[in-house]
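**Q** Each chain, letter by letter, is given below.
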Amino acid sequence: MAMVVLKVALYILLAPVLGGLMEGLDRVVSARMQGRQGPPLLQPFYDVYKLLAKQTTVVNSIQILFVIAYLIFTIFTGSLFFGGGDMLLVFFALSMSEVMMVLAAYSTNGPYSALGANRELLQMMCYEPMILLVAIGFYEANGSFMVSELAAAQNPAVFKIPGMLIGFIFILTIKFRKSPFDMSTSHHAHQEMVKGLTSDISGSNLAFYEIAEWYDQVLMMGIVAMFFISKNPVSIVVAIVMCVIFYLMETLIDNVFPRVKYITMLISSWVVILVTAGTNLLILSVLN
Amino acid sequence: MTLLNLKAAVTFLILFPFVMAVIMYLIRNASLLRNLVAVVGGFSIMATAIMVGVKVLGLKGTTHNTFFTETVLADHVIMGGEVLLMCIVIFLSIKYKKYYAILLSALGTIPVLWMDLSGRAVEGAAHVRVDYLSAVMILIVGIVGILICIYACGYMKDYHNHHTEVGDRSNYFLALLFVFIGAMFGLIVSDNLGWIYFFWEITSVCSFLLIGYTRTEEAVNNSFRALWMNLLGGCGFAFGLMYCNIHFEIGTLSKLTTIIPRKDMLVMIPVTLFAFAALTKSAQFPFSRWLLGAMVAPTPSSALLHSATMVKIGVYMLIRLSPMLYGTFTGVMITVIGGFTFFAASLLAITVSDGKKVLAYSTISNLGLITACAGTGTTEGVWAATMLILFHAVSKSLLFQTVGDIENCMHSRDIEDMHGLIIKLPRLAFIMIIGICGMFMAPFGMLVSKWAALKSFVDSNSVWLVLFLVFGSGSTLFYWAKWLGKICTVIHQSYELEDITPKSEMISLVPLTCMIIIMCFAFPWMSNTMIQPILNEAFHKNIPNVIGGSDVVIMMIMVGMIFAIPIGSRFLAIGKKNKMTMSYVAGVNAGDDRHFIDSFGKERALYMSNWYMTEYFGEDKLLMPSIAISAVIVVVMLIIVIGGAI
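If you read the protein sequences in the order shown, they are chains A and B.
Sequential numbering of the first sequence, starting at 1319, is according to the numbering used here.
Sequential numbering of the second sequence, starting at 41, is according to the numbering used here.
Be a bit skeptical, because a hint or two may be false.
Stated by the list, open to error - If we take Cβ atoms under 8 Å as the criterion, some of the chain B residues that face chain A in the derived model are:
no.: 1; residue: F56
no.: 2; residue: T254
no.: 3; residue: L487
no.: 4; residue: W491
no.: 5; residue: V503
no.: 6; residue: V506
no.: 7; residue: F511
no.: 8; residue: S513
no.: 9; residue: L524
no.: 10; residue: G525
no.: 11; residue: M596
no.: 12; residue: M598
no.: 13; residue: V599
no.: 14; residue: L646
None of these hints come from the bench; they were simulated from the model.
Every residue gets a Cβ at the ideal spot worked out from N, C-alpha and C, and that includes glycine.
Chain A on its own, in the form it takes in the complex (with noise of 0.2 Å):
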């Protein structure tokens, strides 16, 4: 029980400065990639805390509620990932949290954010099977969907659903939005509906949203790592590797791809998931 606080103290306090450096990586390898000098490493702290001191428009009175909301459910959804508990309802969880930044978005009546509500439902819909298809084939191969056994399984999940892992990377561009699945909101400037979902958010609002996006990073990178740990102390390492890798590999397709229809976000994704995933579990169920 100790050992579960401490592990969800610790996800509460580590994960924003991860998420943040997380970010500020990503920037950094970005202008790099476009062969500009880019922002400091550190400066999302920078923008979160000059956001903090800003003064905060709202549009309307309940606005505020559902961001807020939306930052303690994606904590309580990670706190839960990291405090070892059941995987299905992390998702279902998670789930919640994003209905809560959408309806901050429809609440504000404007054209921008109303937009990026029903984008970013839309990506929901895209990623929200293989999410749960992820749940699903940790407990196919390792027969737990708790995520504390999971952890200490025998063997690496990843030598059992390596198709699973290759449809939560395909749906983690979604997630992330970054291009080409960059729809609701996106960090580019080129952006045809200003700033989409979080267009009418501003202030220390604003700074919620994004501590809460630092949050929900790490909590996906949790996942992509638990496809490589096993009981083997050394599993550690490999996944944390494997996540920087696929951080970086993120990064890459967000400047090499450029922006796609909303259909074809729908059909590659849902068509992506049923080849690798449900292929997955397909063969997973016969071999069992």
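Following the hints, complete the assembly by docking chain B onto the known chain A.
**A** For chain B alone, kept in the frame of chain A given last:
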């Protein structure tokens, strides 16, 4: 309460709704008297239902509440009733020149009558049996069904104030609702197949009459569509019933389910026919169109058909047959149809903006999931199916009633018109938000059951079902969340509309809303006291808690957080001192957030529509192919099982 009292209470539950129907029919106009009679009568039925439910669920071990072994008089009444139903169908078919309905009605009724009259029907067993599953269903019908009847009294008055073109036959409408309730009770407690068939046909004809209430051309067409589909299912049931009686000399459902399919493959013939009938009643593809057409009727009838009664009969039947479906070809086909329906209907729900139609597709979709769960024939599957029935009945009836009230207040039930509902009709919007959350969001009830369904599919190694479920969950999330977003939009300078929802409707809305919230907390308890006994009785084995231990605690924390956040913000000064501004329109706001200045300097209205993706998932694209695919599956199932046996 002794067995004798239980017998009296069950008799009261079946007969009293019919008495209520006669009384409601006699009170011609909407009046305080009518409301009073409905409330007093309704609550006495509800109280009896709760009493029976609590009493039966309180029993230990296997139930032996069987009675009515000698029923010569009742059998004659039922035979007369069947002839009467056939006459009603024949009369209305001739009146509206839809002669095919006569054929289907005669095909289902006359052979059964012949069997009864020629003494081939097997008698001697108890006709009524109140076991745990019956008790749970009695609670659903008794509580949710009766609340809808009470709601209907207030609703119909408002309805006729708005729809002056429709002749006021509300007494007839309310009478039909009570007949429906009576038939439901009869069906749930009957064990004799002939009796089940009779009540089955009453619900078919009743729903036909309810759908055709407004007598417009559309209503008549839709009602006949509902009639032929349900009569077709009824024919399937009739043949199954005759096969049981004549070939197996079995007259009761409980005896049929004791046969082990592996020892006698022929038993799958009646089981498949009953399952086929169940598919029509539960509006699974390819029989979904009758339920979509049913929304032309006034809202209470939709609420009743969708939540507590009609569609639940089909899945009730499947749960009864579930132990026999395990590992059989029929079981596989039923699960495939269910899983496919869940997925296809949830895609179709994305593309429609009529509130009632979204609800209709969502019903079809959820019923698909229940069908798939029951079809697996595993204990976990039945657990999930029963839980889904419970949660779906409460949430769906609440949603239908709220949509009906919103329609009465705003004269529209289109989701696009619900833009900013939280400002316009805050009370109804709040109820609706809880209803919608209850349908799809963690940690509310439906999600608990979906979770269990997922686990049961994974454990039974049904990969296709898992895939249907995960993809269907994605689209389910999409159509509910965008509706939720529409409601939560806050528009400036918008005024509250007059909320004309009468008190009598609140008598129904408030308890249902509370039930959704309470059921979030109570589901572990419900699992132990309501579902576990059913499983013990059907499968004779104990299963560990499907969802238990620390997960329940975490879910409780989530429920607590959901309610703590809005309450906390009320007391803490979060967001109170912030500067208010217009929403961002690239700097061309025209003073409010509902107009903008266009490139010619003119002021234009701004309107944000939701996303429907009709060009990809539209009804014209997906509906017919889905029906065709599932029709092929059904035909293949019937040919292989029946043809294979012959």
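**Q** For every hint, state whether the structure bears it out.
**A** These are the hints, each one checked on the structure:
Taken as an interface hint, B/F56 does not check out: its beta carbon lies about 43 Å from the nearest beta carbon of chain A, beyond 8 Å. For B/T254, the interface hint is violated, the least distance from its beta-carbon to any beta-carbon of chain A being 35 Å, above 8 Å. Checking B/L487 against chain A: minimum C-beta separation of about 6 Å stays under 8 Å; hint holds. Given hint, B/W491 at the interface with chain A, holds; its Cβ is 6 Å from that chain's nearest Cβ, closer than 8 Å.
Checking B/V503 against chain A: minimum C-beta separation of about 5 Å stays under 8 Å; hint holds. Given hint, B/V506 at the interface with chain A, holds; its Cβ is 6 Å from that chain's nearest Cβ, closer than 8 Å. With its C-beta approaching chain A no nearer than about 5 Å, B/F511 sits inside the 8 Å limit, and its interface hint holds. Annotation: interface hint on B/S513 holds; nearest CB of chain A at approximately 6 Å, less than 8 Å.
Restraint check, B/L524 versus chain A: the minimum CB separation of about 7 Å is within 8 Å; hint holds. Because the smallest distance between the Cβ of B/G525 and any Cβ of chain A comes to about 3 Å, under 8 Å, the interface hint for this residue holds. Hint on B/M596 is violated. Least Cβ distance to chain A is approximately 12 Å, over the 8 Å limit. This hint holds: B/M598 has a C-beta 7 Å from the nearest C-beta of chain A, less than the 8 Å allowed.
This hint is violated: B/V599 has a C-beta 11 Å from the nearest C-beta of chain A, more than the 8 Å allowed. For B/L646, the interface hint holds, since its Cβ comes within 8 Å of a Cβ in chain A; the closest pair sits about 6 Å apart.
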